[in-house]
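There are 2 protein chains.
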Amino acid sequence: MRLLSSDELEAGLRDIGARRYHRLHPFHHLLHGGKCSKGQVQAWALNRYYYQAMIPVKDATLIARCEDSDVRREWRSRLVDHDGAEPGDGGIARWLGLTDGLGLERDYVTSLRGLLPATRFAVDAYVSFVRDKTLLEAIASSLTELFSPVIIGERMEGMLKNYDFITAETLAYFSARPPQARRDAEYALDYVKRNARTPEQQQAVLAALEFKCSVLWAMLDALSYAYVAPRHVPPGAFVPEGDA
Amino acid sequence: MRLLSSDELEAGLRDIGARRYHRLHPFHHLLHGGKCSKGQVQAWALNRYYYQAMIPVKDATLIARCEDSDVRREWRSRLVDHDGAEPGDGGIARWLGLTDGLGLERDYVTSLRGLLPATRFAVDAYVSFVRDKTLLEAIASSLTELFSPVIIGERMEGMLKNYDFITAETLAYFSARPPQARRDAEYALDYVKRNARTPEQQQAVLAALEFKCSVLWAMLDALSYAYVAPRHVPPGAFVPEGDA
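Chain order of the listed sequences is G and V.
Counting the first sequence from 1 gives a position; the working numbering is that position plus 1031.
Counting the second sequence from 1 gives a position; the working numbering is that position plus 1031.
Take the hints with a grain of salt, since some may be wrong.
Put simply, identical chains are the same to the list, so a pair is met inside one copy or across any two.
[Stated by the list, open to error] In silico SDA-like cross-links for lysine to any residue, where the CA-CA straight-line distance does not exceed 25 Å:
(1) Lys1164 - Tyr1081
(2) Lys1066 - Arg1262
(3) Lys1164 - Ser1100
(4) Lys1066 - Ala1260
(5) Lys1066 - Leu1166
None of these hints come from the bench; they were simulated from the model.
When you get a sec, could you build the whole thing from the sequences and use the hints?
Encoded structure:
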């Protein structure tokens, strides 16, 4: 292990994204390419809801362990993005607009009754990581946002074109995200480049991004095993109506 | 919700086992029926190693939050069972005897480098549950041991008969477990029957066992998606030699 230059560290992070970000997962090719049934899109939105709902919990967990007022103030904008300025506003509310548009009962979605256990385990692992690792690693684990504007673009274009049950209105979550993600990723990238000052810290930053990629990947593995034929829905989880 | 009799509570727990215990998972039918390749058996043993390795951490987590010396003393026998009286003794050492016998490098197994991320998330969720829920729920979550002697019997018979790379010696973990599991399950069942005194507590006990079943089930879902054809091994996880 040697100390990487700031540019080398950034290149290492971008390389992890190019190899491990869930844009590469087969489920996303199905989803964006119009190959999913409505029930499969519902299952995706229902499970991803838990991820969205826990993001402000994750961000508050990070703020709660941060002793630097400047970082806390900056990170607070993420709470605003996801929880909104008032009821009905923010990323979680927009995600529920998507599940509404897909015909899922809102109480059922927010009850988490139909969630795949593996979704819960993966998302909770992310919150635990942010609570238990160093602040540097917690911040680095957010860096999947570096890669999200591209996948969001692909998703919006693909889903609008390929599914008659999807409208621009139901995809409002995604149209709002890219500028937020760009700003957040820029801040976090700058932070890790300035604060990873030893080879060990740089390796920990790279490992944190790998970990986060594995969270997103495992969510889609579980979704695929449960809902892509041959289906293996685990006991108690959501069963789409009408799907064989 | 009404208060169940002690017998009704036990019947409810056994009913969950009959519907949700991982004995019913398709992967176990393959494993016990001789339908797995050696590489698939390796992947199973490698991933299950992390579960075995974390069981004493889980049990110590439970002891650490228990204010009753009698319960702590009783629960301590589980640490002895898994960590042994000396190096080379105990359940974890016997599990490593299995991974040795399957031709896996011990350093690779214990490094956890090849672990499926979903295995780690599921096992860590179990430890977190035992740390964060009530002591009653933590104890109830151990009750899958009620059902393990039957599956262990099926596994030993099926694996010895069906795989030439499996010997009684490599299965030493399983021959040692049933009397320990019976004693532990009896103690935990008696504890929850005596201490779940309200309908809410009884429902929490039932939910804890459902949760634990979902941990074991999710581990096999992840294993199946990754290693049963068509394989979808996630980035970085174990790839069996020679398997297509």
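Checked hints:
Taking the shortest Cα distances, lysine 1164 and tyrosine 1081 sit within 25 Å of each other both inside one copy (22 Å) and across copies (20 Å). Taking the closest pair of Cα atoms, lysine 1066 and arginine 1262 come within 25 Å of each other both inside a single copy (15 Å) and across two copies (20 Å). In this assembly of identical chains, lysine 1164 and serine 1100 lie within 25 Å of each other by CA distance solely inside one copy; the values are 20 Å within and 33 Å between copies. In this assembly of identical chains, lysine 1066 and alanine 1260 lie within 25 Å of each other by CA distance both inside one copy and across copies; the values are 12 Å within and 21 Å between.
Taking identical chains as interchangeable, the C-alpha atoms of lysine 1066 and leucine 1166 are never at most 25 Å apart, the minima being 40 Å within one chain and 46 Å between chains.
Consistency with the previously given hints fails for number 5 only.
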